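Asks: If you want the building blocks of each chain, they are given just below.
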Amino acid sequence: MNTDMGYKCTVTNIVRLTRQEKLFQIRIIDPVERALFRFRPGQFLMLELPGYGEVPISISSSSSNHEFLELCIRKAGSVTSALFNAGEGTRVAIRGPFGSSFPMDEMAGHNVLLIAGGLGIAPLRAPLFWINEHRNRFLDVSLLYGAKDPSQLLFTWQFNEWDMISHIGLHTIVEQGTEEWTGKTGMITELFNDIAIDPATTYAIVCGPPVMFKFVCGYLDRLGIPMNRMFVSLERRMHCGMGKCCRCMVGSTFTCIDGPVFDYWSVMNLKEAI
Amino acid sequence: MIYKIISKAEFKRFIDALVRSNSSFGPRMVDTDSRGEAVYQFQPVSSVDEIAFDYTRTASSAKHFFLPFRQELSRFHFHDDDWDQKVSYEADPVVLFGLRACDISALNILDDVLLNGHFPSAYYLAKRKNTFVIGMDHLPLPDCFCKSMNHHTVPTGFNLFCSDIGDEYYLAINSSKAFNFLREFETRDPQYDENCRLAERRKLISSSFRTEIDVTGLPAILDIEFDSPVWKKWGDKCLSCGTCAMVCPTCYCYSVEESFEPDLQSSSRQKRLYSCNLVDFAAVAGGHNFRPKNGDRLKYRYYHQHRGFAENANQQICVGCNRCGKACLAGINPKDVINDLRLEKDTCTTSVSSSPARS
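Taken in order, these protein sequences are the chains called A and S.
Using our numbering, the first residue of the first sequence is number 9, and each one after it goes up by one.
Using our numbering, the first residue of the second sequence is number 222, and each one after it goes up by one.
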């Protein structure tokens with residue numbers, strides 16, 4: 009693994025998703041490094057823009073795609089702002105992949121419930137691709153996705169593919185609707201009324217703002233889904249990715265090496281985690 | 222380990238030869254504090270006369286020789302629309318003289334953190350293996366509590382350790398390099414009498430501690446007392462300045478920063494030692510801060526030192542030097558905070574009824 013020196017990449021495509029978010033497609037330049045780079049759904053990498061700095065970004069593309077990586081980036085700080093001004097052809101570097109992943113093999117043979125809030129859809133896209141590619145291994149798969157308003161919903165062009173082609177039951181909701189919005193409005197927990205959940209055979213993946221975890225996981229807990237079958241992806245500002253800088257440390261747990269994917273049992277026992 | 226006896230005069234000749242031919246650092250008096258007490262620091266030394274053999278404790282620890290406040294991790298040189306990245310793990314050989322047992326224990330803890338696990342730090346390793354560490358025992362200061370943390374003696378982590386047994390030093394030689402250096406000086410094997418004097422010296426050190434902190438079961442108490450008002454009490458005093466982490470021999474948290482050189486032809490990625498007491502330590506992109514209050518951050522520091530690390534490496538990270546307590550501008554020290562926590566616990570246990578009698 010490349011820990012101190014990154015793999016050099018070229019930005020091959022940029023898609024503007026919202027005012028604040030863009031999807032960057034990057035390609036590792038060296039063919040040997042490209043062939044060596046492997047990741048599992050849920051892992052993240054450190055994206056470097058030399059001179060500006062590094063940011064931890066979860067990988068949003070399919071783990072079986074070895075040609076390029078997709079990174080959904082929100083303009084939130086100095087490095088991501090500089091990236092927003094970068095065009096196609098810009099060179100960046102990546103270190104990693106780092107961290108734990110969603111247990112896709114363990115989930116096989118079960119129903120899967122993916123719940124995303126806002127930018128939380130970005131790390132869930134890799135497991136969604138995985139499920140698409142191994143659809144016959146999973147029972148019912150549902151994606152509950154909420155955002156502040158319709159313009160904040162990301163990856164809308166893939167909704168049809170997920171829903172109709174991959175048979176992933178897609179349910180969306182926004183907190184504030186618009187005149188054009190014909191879907192549901194309210195909090196994401198209202199979507200639970202639309203689906204039947206069999207706690208005995210369901211795994212859940214939850215990703216979103218910290219406030220969402222307690223409500224959503226609390227609800228799933230009351231339904232009877234065991235806490236070790238609910239997975240969350242935590243956000244922290246990692247500086248090293250290797251369990252050394254401690255910036256992402258919660259108690260005795262490093263979000264960068266023990267996480268970012270945790271089962272809910274571990275997190276609910278972890279003070280200050282969510 | 223090989224043990225030898227060396228006279229103090231011969232030992233000084235040995236140290237003089239060593240520091241004259243190597244880049245060396247040792248304790249030197251650099252100032253006096255507001256009470257007129259000497260302030261010592263590890264400083265460059267080029268002869269034995271510059272070393273304060275009777276020093277008490279350096280204001281900041283020897284950590285900075287291994288974890289500099291700023292350290293370049295890599296450098297980018299730009300050309301056209303591309304760059305070359307250079308990473309260097311080189312470190313110059315250094316002799317470090319006069320570390321106390323707890324200071325060496327702190328290095329052993331840093332070894333645990335930075336050399337074990339999936340991602341050993343090559344930057345730290347280069348400095349650690351190129352530093353010749355000479356330890357010296359000492360009688361504790363009134364506020365030292367390294368005995369409470371079990372770090373008043375140290376079995377490993379040094380090249381040479383000297384115990385003062387009167388007119389001579391009892392040497393513990395822990396590396397072939399140290400053994401070879403000493404070949405050219407007059408030493409002899411310890412006899413029964415010297416072994417007794419070493420035992421007496423250790424007993425004296427052990428019995429001289431005036432500060433004790435009961436740390437038994439502390440990890441569990443910290444867990445239970447997560448919402449204790451003690452954290453607000455001390456948090457309200459804390460200035461969030463980060464001085465405690467800077468002088469601590471084991472605090473290793475850092476941030477990574479990058480900057481362009483003024484000519485825009487190159488840039489540098491540097492790590493900078495940080496403190497979990499600084500306000501933005503747990504801030505994430507977008508402005509959310511997981512530990513916004515002073516008390517939250519102070520608590521986290523104690524958690525990392527006495528619980529988190531204990532869970533990961535089976536030992537508490539604090540070595541009991543009390544540099545943090547001495548340097549704290551707000552007068553916060555581990556003894557008071559930990560005792561307060563224990564008092565909090567004792568107060569509530571006294572109000573609990575006794576265990577039911579067996580029927």
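Just so you know, not all the hints are guaranteed correct.
Pairs of lysine to aspartate or glutamate residues, derived as DMTMM-like cross-links and limited to a Cα-Cα distance of at most 20 Å, are as follows [as the list claims (entries may be wrong)]: (1) A:Lys16 / S:Asp305; (2) S:Lys556 / S:Asp364; (3) A:Lys83 / S:Asp444.
On the chain S side, residues computed to face chain A include the following (Cβ under 8 Å) [as the list claims (entries may be wrong)]: (4) Met250; (5) Phe290; (6) Leu294; (7) Ser295; (8) Phe481; (9) His525.
These aren't lab readings, by the way, just hints derived from the structure by calculation.
Source: prediction; values computed, not measured.
All C-beta atoms, glycine included, are put in the ideal place defined by N, C-alpha and C.
Asks: Taking 8 Å as the limit, does the beta-carbon of Leu294 of chain S come near enough to a beta-carbon in chain A?
Replies: 7 Å, holds
Asks: Does the structure keep Lys556 of chain S and Asp364 of chain S at a Cα separation of 20 Å or less?
Replies: 9 Å, holds
Asks: For the pair supplied as a hint, Lys16 of chain A and Asp305 of chain S, is the alpha-carbon distance within the 20 Å limit?
Replies: 10 Å, holds
Asks: Given His525 of chain S was flagged as interface, is its beta-carbon under 8 Å from a beta-carbon of chain A?
Replies: Check passed: Cβ of His525 of chain S comes within 7 Å of chain A, closer than 8 Å.
Asks: For the pair supplied as a hint, Lys83 of chain A and Asp444 of chain S, confirm whether the alpha-carbon distance does not exceed 20 Å.
Replies: Violated: Lys83 of chain A and Asp444 of chain S sit about 37 Å apart, past 20 Å.
Asks: Double-check Ser295 of chain S for me: the hint is only fine if its C-beta lies closer than 8 Å to a C-beta in chain A.
Replies: 6 Å, holds
Asks: Minimum Cβ distance from Met250 of chain S to chain A below 8 Å?
Replies: Hint violated; Met250 of chain S Cβ to chain A Cβ min 34 Å, cut 8 Å.
Asks: Does Phe481 of chain S meet its interface restraint, that is, does its C-beta lie within less than 8 Å of any C-beta in chain A?
Replies: Holds. Min distance 5 Å.
Asks: Per the CB criterion, is Phe290 of chain S less than 8 Å away from chain A?
Replies: 14 Å, violated
When held up to the earlier numbered hints, the structure conflicts with 3, 4, 5 and fits the remainder.
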